[in-house]
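For reference, the chains in residue letters:
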Amino acid sequence: MNTLLTQNDTQRRDRMLTLGAAVIGLGLLFAFDSMFDRFTMQIFKLCAINVILALSLNLINGFTGLFSLGHAGFMAVGAYTCAILSMSPEQKEANFVLQPIMPVLLNVQMPFLPSLLIGGLLAGFIGWVLGVVTLRLRDDYLAIATLGFSEIIRVVLTNAQTITNGSLGLKGLPRFTTMWWAWGSAIVITLFLVLLIKSTYGRAFKSIRDNEIAAEAMGIDVLNMKVLSFTISSALAGIAGGLLAHYLTTIDPKQFIFLKTFDILLIVVLGGIGSITGSIVSAIVVTVLMEALRFLDGPLNLGFMVTNGIPGLRMVFFSALLMIVVIFRQQGLMGTAEFSWNSLARIGLLPKRGQKSGKGVE
Amino acid sequence: MLSIKNLSVHYGGIHALHGISLDVPAGQIVTLIGANGAGKSTTLNSIMGLVKADGGSVSWNGQEILGAKTKTIVESGIVLVPEGRRVFPNLSIDENLTLGAYARHNKAEIEADREHVFSLFPRLKERHKQKAGTLSGGEQQMLAVGRALMSKPKVLMMDEPSLGLAPLIVGMIFDIIRKINEEGVTVLLVEQNAKAALEVANTGYVMETGSISFSGSGKELLADDRVRKAYLGEM
Ligand SMILES: Nc1ncnc2c1ncn2[C@@H]1O[C@H](COP(=O)(O)OP(=O)(O)O)[C@@H](O)[C@H]1O
Ligand SMILES: [Mg+2]
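In the order they appear, the protein sequences are chains E and G.
Throughout the first sequence, residue numbering follows full-length UniProt numbering, covering 1 to 362 in sequence.
Throughout the second sequence, residue numbering follows full-length UniProt numbering, covering 1 to 235 in sequence.
Since the hints were made in silico from the structure, they are not lab data.
Backbone N, C-alpha and C define an ideal beta-carbon position, used for all residues, glycine too.
Watch out, some of these pointers could steer you wrong.
Claimed, not checked - Here are a few chain E residues that face chain G, going by a calculated C-beta distance under 7 Å:
#: 1; residue: Asn95
#: 2; residue: Ala214
#: 3; residue: Met218
#: 4; residue: Thr336
#: 5; residue: Glu338
#: 6; residue: Ser340
Said to hold, decoys possible - Once the Cα atoms are required to be at most 25 Å apart in a straight line, the calculated PhoX-like pairs of lysine-lysine come out as:
#: 7; chain 1: G; residue 1: Lys69; chain 2: G; residue 2: Lys125
#: 8; chain 1: G; residue 1: Lys195; chain 2: E; residue 2: Lys198
#: 9; chain 1: E; residue 1: Lys198; chain 2: G; residue 2: Lys219
Claimed, not checked - Ranges of calculated distance between the beta carbons of each label pair, as one might list FRET restraints:
#: 10; chain 1: E; residue 1: Ile213; chain 2: G; residue 2: Phe214; range: 27 to 35 Å
#: 11; chain 1: E; residue 1: Met323; chain 2: G; residue 2: Gly137; range: 48 to 56 Å
#: 12; chain 1: E; residue 1: Val326; chain 2: G; residue 2: Phe214; range: 52 to 60 Å
#: 13; chain 1: G; residue 1: Phe214; chain 2: E; residue 2: Glu338; range: 33 to 41 Å
#: 14; chain 1: G; residue 1: Ser136; chain 2: E; residue 2: Val133; range: 56 to 64 Å
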C-alpha cells in the first residue's frame, strides 16, 4: 500500500514539475520575444532548428544503429519544396531571371504549414525509396548511399534551373520561422520522438541496434523497422530544412554540402548517441558556442602576438572537442541516459521519492 | 509435434544441410549433438525462418511452416534462444523481456508471464531495471531463456545454451531446461556438451557434416560406442 501511494505521489510530483517547466519555458520564450535584440533571437531560433536536426539524426544513427550521412540532402529537399510552395508568383518571377520557373510551379502558393509538411513528406518519401533499396544490403551501404544521395541532390538543385533557379538560389523568402514556429516545431517533434522511442516501435529500433539477429529471432521485421526509422528521420530533416529556409530567407545549393551533415553529427556525438536529452542540450550548447566563438575566426590578440584572422579556427575548436569526447567520454554527454525528475531527486535537487511514507520499493 | 523432413540448406556454394529429417514429439526434450560446423545452428535457424531453406518441409502440428515469416512462426508457438547469449545489452532486463513478447498483445497475460519468468530466475527480478549488458554471462543466458519464454512457446529451441559457461552455471541451465519441460514446453536442444544434453533428453540425434548419422533415446546414445568415442571423449 505504502509503495503504491509513494509511486502515485511521485507521478503527481513529476506531472506538476513538467507542467511548471512547460509554463516557465513558454514564459521565457515570451519574455525573450520582447527582451532580446534580433541577433540573439535569431540564435535562439537556430537552436530549435538544430534540436530537430540532431534528434532526427539520432533516431536513425543512435536509436536504430544505422549510419546515415544524408541529412544535408533531406534538408535541401525540405527547404526547396517548402520555399517554392510558399513563395508568391511575384517573388518567384523576381528570382528566376536566367530562365523562367516552370509554369505549374509559378502559380502554386500555399500557407507555411502545408508547405512545410509537404517538404517533410517529400523528404520522407525519398528516404523511404533509398531505404528500401539500400537497407536490404549490408548496413554500411546506407552510409555510402546517403552520402552519394546528398551530393546528387546538390547537383540536381544546381542544374534544375526552371525549378530551383540553379546556383542563383532563392532569395527573399517570407520570414515565416518565428520563435513560435521554431520552438513550437521543436517541442512537438521532441514529444513525438519521446513517445515513439517508448513505443513498441522504438523498442524494436533499439533492439535492432543492440543485436539484429536476436531481434529477428523475436519476430521483429528488421528490414521494415529500419526503413520506417530511416523514413521518419528523413522526413523530420525535411521539416527542419523548411524551417531553416524561412529562417535564413535565402537558400542556395551550396548551403547543403555534406559538411552540413557533419555539423549535425558533431552535435549528436557530443550529446550522446541514443539520448534525446543529450541531443537537445548539445544542439543548444553547440549552436550558442558556434556564435560565441565567432571571434576565433577573426583577428586575435593573444597578448604576445596578434594574428590577422584564421578562418576555420572555430571548427578546429569543435573538432578538437569532438576528439576529446571520442577519447575520454565515448558515450558523449549523456550516453543513452535520459533526463527524468527522479534523476534530479537522486542528486539531491528534489526531495527523494518515498521519504514521506518510509522506504521505497527498491 | 514438430516434424522436419529432407531439410536442405545452401549458403552460396556451401551445402550446409543435405536433406535432414528429425521428429520432435510434443512434451519431449530432443537434442541435436554434433561437432562444430555440423549444421546444428543452420537447422534451428531455418526452422525459425531466419535462414532460407531450399528444399524439404517443416510441419508443425500438421501445418507447413517452412517459408513462413519469423513473426508468424513465433506466434504459432516456436521460439529460438540464439547461439551466443544474444541479449540486448543497452536495454534493461524488463525491456528485454518485453521484446520477447513482441508477437503478443494481451497485456495481462504478458505481465503474468513476466512474473513467471521472474519466479524461474529470481536474479533477474532483483535487477529488472539494470541494463542487460551489465549481467554476468550466466545471468545473460538466463535472460535469453526468459526472453524466449515471454513468447509463450510450445516449442523452445536452444542453440548451445551452455557455451562458455562455468560448470556450476551449466548445471543450473540444464535444471531450468528440465523444469521448463516439466511445465509442458517441448524442447529442441542443440549442444556440444553431449553428455549433459543426452542425460536430459528423451531422444538424441547425432549430426555430422550436414546429415543425421544416427539417433536413439538419450540413454542408448550415452551407451553407444560411436558417441562415447567421438563426443564424450572416452576410448
Ligand atoms: N551465414 C553463413 N554463411 C556461409 N556459411 C555458413 C553460414 N553459417 C554457417 N555456415 C556454414 O555452414 C556450415 C554449418 O554451420 P552451423 O550450422 O553454424 O554449424 P554448427 O551450429 O553445427 O556449428 C558450416 O560449414 C559453416 O561454415
Ligand atoms: Mg552453431
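Those earlier numbered hints the structure runs against, lowest number first:
Failing hints, ascending: 1, 5, 6, 7, 8, 9, 11, 13, 14.
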